[in-house]
Structures are given as C-alpha cells and as structure tokens.
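Participant: If you want the building blocks of each chain, they are given just below.
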Amino acid sequence: MIANYGYRDGSGEYYVTIDTALCVECVGRWCVEACPERLFEIEMDDYDDEVVAIAPTARKLLKERCAGCKPTGGHVGLPCISACRPGAISHSW
Amino acid sequence: MTKETQEFWRWSEKNWRAPGLDWRDASVVAAGIDVGSVSSQAVILVDGELFAYHSTRTGSNSPDSAKRTLAGAMEGTGMTLDDVNHIVGTGYGRVNVPFANRAITEIACHARGANFMIGPTVRTILDMGGQDCKVIRCDEKGKVQNFIMNDKCAAGTGRGMEVIADTLGVSVEDIGRRSFEIDEEPAPVSNVCTVFAKSEATALLKVGWSINRVLAAYCAAMAERVAGLIDRLGMEPDFFITGGIAKNAGVVVRIERLVGRRAVPLPEDTNFDPQIAGALGAALFADALYRKEQRVAAAR
Ligand code: SF4
Ligand code: SF4
Numbered sequence: 000m001i002a003n004y005g006y007r008d009g010s011g012e013y014y015v016t017i018d019t020a021l022c023v024e025c026v027g028r029w030c031v032e033a034c035p036e037r038l039f040e041i042e043m044d045d046y047d048d049e050v051v052a053i054a055p056t057a058r059k060l061l062k063e064r065c066a067g068c069k070p071t072g073g074h075v076g077l078p079c080i081s082a083c084r085p086g087a088i089s090h091s092w
Numbered sequence: 000m001t002k003e004t005q006e007f008w009r010w011s012e013k014n015w016r017a018p019g020l021d022w023r024d025a026s027v028v029a030a031g032i033d034v035g036s037v038s039s040q041a042v043i044l045v046d047g048e049l050f051a052y053h054s055t056r057t058g059s060n061s062p063d064s065a066k067r068t069l070a071g072a073m074e075g076t077g078m079t080l081d082d083v084n085h086i087v088g089t090g091y092g093r094v095n096v097p098f099a100n101r102a103i104t105e106i107a108c109h110a111r112g113a114n115f116m117i118g119p120t121v122r123t124i125l126d127m128g129g130q131d132c133k134v135i136r137c138d139e140k141g142k143v144q145n146f147i148m149n150d151k152c153a154a155g156t157g158r159g160m161e162v163i164a165d166t167l168g169v170s171v172e173d174i175g176r177r178s179f180e181i182d183e184e185p186a187p188v189s190n191v192c193t194v195f196a197k198s199e200a201t202a203l204l205k206v207g208w209s210i211n212r213v214l215a216a217y218c219a220a221m222a223e224r225v226a227g228l229i230d231r232l233g234m235e236p237d238f239f240i241t242g243g244i245a246k247n248a249g250v251v252v253r254i255e256r257l258v259g260r261r262a263v264p265l266p267e268d269t270n271f272d273p274q275i276a277g278a279l280g281a282a283l284f285a286d287a288l289y290r291k292e293q294r295v296a297a298a299r
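If you read the protein sequences in the order shown, they are chains A and B.
Residues in the first sequence are numbered consecutively from 0, following numbering that gives the first Met the number 0.
Residues in the second sequence are numbered consecutively from 0, following numbering that gives the first Met the number 0.
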C-alpha cells in the first residue's frame, strides 16, 4: 500500500509517502530511529502485515513536525529517506 | 421553534432493516460500527447479506455512541449483542468500541464497503467525513493500494458544512439544492477554514450577497480543496464518493466538474447509503474474520 501523509498550502504540496509493501520485508526499521521527530511507528496494518506508518497523533501536524526537514529548515536530504535502505520513503518537496 | 434555538446542522438519522430476512436462520451474524467525529453508523450482516443499519450523531462519548448506534440497528429485531458473532470497529473512535473484536482503519473499511456497494469496478474512493477527507485507490477486491489524507483543517468536511449551515441559518440538507439557485457561479470563498469561513460568510452577506450565492462560493471552495487531493493521487475510474457529504450535490457536482468525471451513483434498486460505507466495510471484515476463525478452529 502506498500511504501519503501531509498537506497542501499556498506554498506547495508537502507529502511524505511510504510504500508499505517494502516495510513487510524490512529487517532494519531504520526510519524509526532516523526521524528526529520520531514520527514513524510500527503497526499491524488492516491486512495483517507489519508495516510502518506516521503516528496517528502526528498525521495532521506534519506542517509543524516536518518543518525542520523543509528547504527553509536548511536540510539537504531527509533523515527518513536517507535511512530507509529499501527505498520505501519519498517526499514531494 | 424560534429561529434562535433551531439547530440547522441537524440531519435526519436513519434506520433501515431488510424486509423478510430472519437473522435467526443465519449461521454468521457480523456487525461493523463506524464511530466518526460527527456521526456514527452500525451495519449488521447476516450470512454476508445486508440486514440492518443505523446512523446517528456521535455524542461526546465514543463508547456510548457505539452502543447507541448498534442498539439502533438491532431495535425491533429481537437480536442482542450476544447474538452477534463478530464485531469490527472503525472510524476515528474505533479504538473506543468496547465490545469490538478488532479495530480496522476507516481507509480499509471505506474501500471494502464501496466495493460491496458498487462492485469491482470501483477504483477511486473519496471519503468526505465529518472531520477529514481522504482519497483512496483500491484494487478489484476493495483492498487499499494507495491513499492520501488531507491536512489538519476541517475544510471540505461535514463539520465545516455544519458550521456554514448554522452561520447562514440553512438546513444542511438544503445546502446542495440552494447552492445552485444562483444567477452565475461565484468565485470560491478564499478561506475554507471553518474558523475564517464563518466570518467571511457573514462579511459577504453584509456586502449584499444572497445566502445561496455564499453557499455556492463555499461549496466551490470545498470542491477545489478536495479536487487537489484527487489530483495528487490520480484518478482511476470508477469513482465513488462515501461519507455524509456524498449527499450534498452542491459539493459533489462541483467536484465532478473539476475532476472532469462523474461519480458513480448508487444503483437505484439498492438500499445502501453512502454514509454507511465505513460501517459496512467493517461488517464485511467482521464476517470474513469470523469465518477465518471458524476455519482455523475446525482445522485444529
Ligand atoms: S526503513 Fe523503510 S522499509 Fe524499513 S520500515 Fe522504515 S520505511 Fe519501511
Ligand atoms: S521529513 Fe524529517 S521530520 Fe518528517 S518524517 Fe522525514 S525525517 Fe521525520
């Protein structure tokens, strides 16, 4: 499943996308430790696969929580994307 | 009722039962309960067939709302909680359905419910709920492949519509029709955020806009927001809309214009309601989970 979390505002679209099919086989769960905001959580999805998801409490707060990883936050390369070896994570900004 | 005390956001509650179907003859009774932020629904399936559903407003307490809506669906059938083999809770309050055997996200439930209502041709589902809005892409079995959730704002949601209804003194159920009773389509309001929309609506009335014109501008703004989400995920037909706003033509028709495609209507000979998609999907999961449990137990 491709899960998109994020928002759109006047300045553009800001989505973090996870291809959870890749998480099923992932042994490292590198994203969990890598995200400075600890936004990734391991969960059993609705079809009984163990995958990661953005924590439910953070889903509607990505504007604030991911701010440090935006171009304006001075980041080059996102910690979550760099850490995920299977290449499951992408972003829209 | 005086104008001051009338509640314009109140929509009609709904209760439906399959004529001539007796649950006592069934081998599997499964229920799905969708506790949303604005409304709650319960669906009961007997041997995989739609038997009853009920829809009500969510109260301040999720477990109570879950109980109330399930009791509503069972009312007059002689069925009690003990007669239900398996229950799945979904929606924003899904973890607070005390008697559920499992909680499943509304994303998976809406896809499964839409697949049951329309059939395997449904590939894109727009769920316009009380407090958020999601676009879901699924396969021919109703399994989720891709989804997107909107941001934190209540824009494009049932709650947002209720605020506008209240501000303008128009019943929620009349918004769609009235939003088309205008001379020409106005530009969408600039702010769909419920907090600002209220003051913007009041300001527009003050400068001489008719109520219908304000409604049109607000519906258009909501449609624009939602169409942006659909664009992001990509639209593959058939396209179906679930949730309370599916019944608001003022928003639906404007979304259809923006995405350039009509949403599939519910077949006329069915008794489905787009608002029960989540609870129906949950009941289908409950039915399947119970059968799986039985198979596993039999194999032991
Ligand atoms: S590191 Fe990548 S593949 Fe592994 S769990 Fe996290 S997102 Fe999934
Ligand atoms: S963009 Fe930054 S804050 Fe957001 S999920 Fe990735 S690592 Fe975490």
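Each hint should be verified, as a subset may be incorrect.
Keeping only pairs whose Cα atoms sit at most 30 Å apart, straight-line, the calculated BS3-like set for lysine-lysine is [as the list claims (entries may be wrong)]:
1. A:K62 - B:K66
2. A:K59 - B:K246
3. A:K59 - B:K142
4. B:K66 - A:K59
5. B:K205 - B:K13
6. B:K13 - B:K66
7. A:K59 - B:K197
8. A:K59 - B:K140
Computed footprint of chain A on chain B; a stretch qualifies when at least three of its residues, placed anywhere within it, have a C-beta under 8 Å from a C-beta of chain A [as the list claims (entries may be wrong)]:
9. 17–26
10. 73–84
11. 101–107
Going by beta-carbon spacing under 8 Å, a handful of chain A positions derived as facing chain B [claimed, not checked]:
12. M0
13. I1
14. R28
15. W29
16. D45
17. E49
18. T56
19. A57
20. R64
21. W92
If you're looking for bench data, these hints aren't it; they were derived computationally from the structure.
All C-beta atoms in this analysis are idealised placements derived from N, C-alpha and C, irrespective of residue type, glycine included.
Participant: Does each hint hold? Answer for all of them.
Facilitator: Right, here's what the structure says about each hint:
At most 30 Å may separate the alpha-carbon atoms for a hinted pair to count; K62 of chain A and K66 of chain B exceed this at roughly 36 Å. The straight-line distance between the Cα atoms of K59 of chain A and K246 of chain B is roughly 26 Å, inside the 30 Å bound, and the hint therefore holds. A distance of roughly 24 Å separates the Cα atoms of K59 of chain A and K142 of chain B; the hinted pair therefore holds under the 30 Å criterion. The straight-line distance between the Cα atoms of K66 of chain B and K59 of chain A is roughly 28 Å, inside the 30 Å bound, and the hint therefore holds.
As the CA atoms of K205 of chain B and K13 of chain B are separated by approximately 37 Å, the hinted pair breaks the 30 Å bound. At most 30 Å may separate the alpha-carbon atoms for a hinted pair to count; K13 of chain B and K66 of chain B meet this at roughly 16 Å. Simply put, K59 of chain A and K197 of chain B have alpha-carbon atoms about 22 Å apart, close enough for the 30 Å limit, and the pair holds. As the CA atoms of K59 of chain A and K140 of chain B are separated by approximately 29 Å, the hinted pair is consistent with the 30 Å bound.
With 0 residues having a beta carbon nearer than 8 Å to a beta carbon of chain A, the segment 17–26 of chain B misses the requirement of three or more and the stated coverage is violated. Check result for the segment 73–84 of chain B against chain A: violated, 0 residues qualifying (beta carbon to beta carbon below 8 Å, three or more required). As drawn, the segment 101–107 of chain B meets chain A at 4 residues by the rule of a beta-carbon pair under 8 Å; at three or more, the given contact holds. The closest approach between the C-beta of M0 of chain A and any C-beta of chain B is roughly 5 Å, which is under the 8 Å cut-off, so the hint is satisfied.
A hinted interface residue such as I1 of chain A counts as satisfied when its beta carbon comes closer than 8 Å to some beta carbon of chain B; here the least separation is about 4 Å, so the hint holds. With 8 Å as the threshold, the beta carbon of R28 of chain A stays out of range of chain B, its nearest partner Cβ sitting at about 20 Å, so the hint is violated. Because the closest C-beta pair between W29 of chain A and chain B is about 23 Å apart, greater than 8 Å, the hint is violated. Evaluation of the D45 of chain A hint against chain B yields a held restraint, the C-beta minimum of about 4 Å falling below 8 Å.
For E49 of chain A, the interface hint is violated, the least distance from its beta-carbon to any beta-carbon of chain B being 15 Å, above 8 Å. For T56 of chain A, the interface hint is violated, the least distance from its beta-carbon to any beta-carbon of chain B being 12 Å, above 8 Å. This hint is violated: A57 of chain A has a C-beta 11 Å from the nearest C-beta of chain B, more than the 8 Å allowed. Interface restraint check for R64 of chain A: the shortest CB-CB distance to chain B comes to about 11 Å, outside 8 Å, so the restraint is violated.
For W92 of chain A, the shortest C-beta to C-beta distance to chain B is roughly 13 Å, which exceeds 8 Å, and the interface hint is violated.
When the structure is compared with the earlier hints, violations turn up for hints 1, 5, 9, 10, 14, 15, 17, 18, 19, 20, 21 and for no others.
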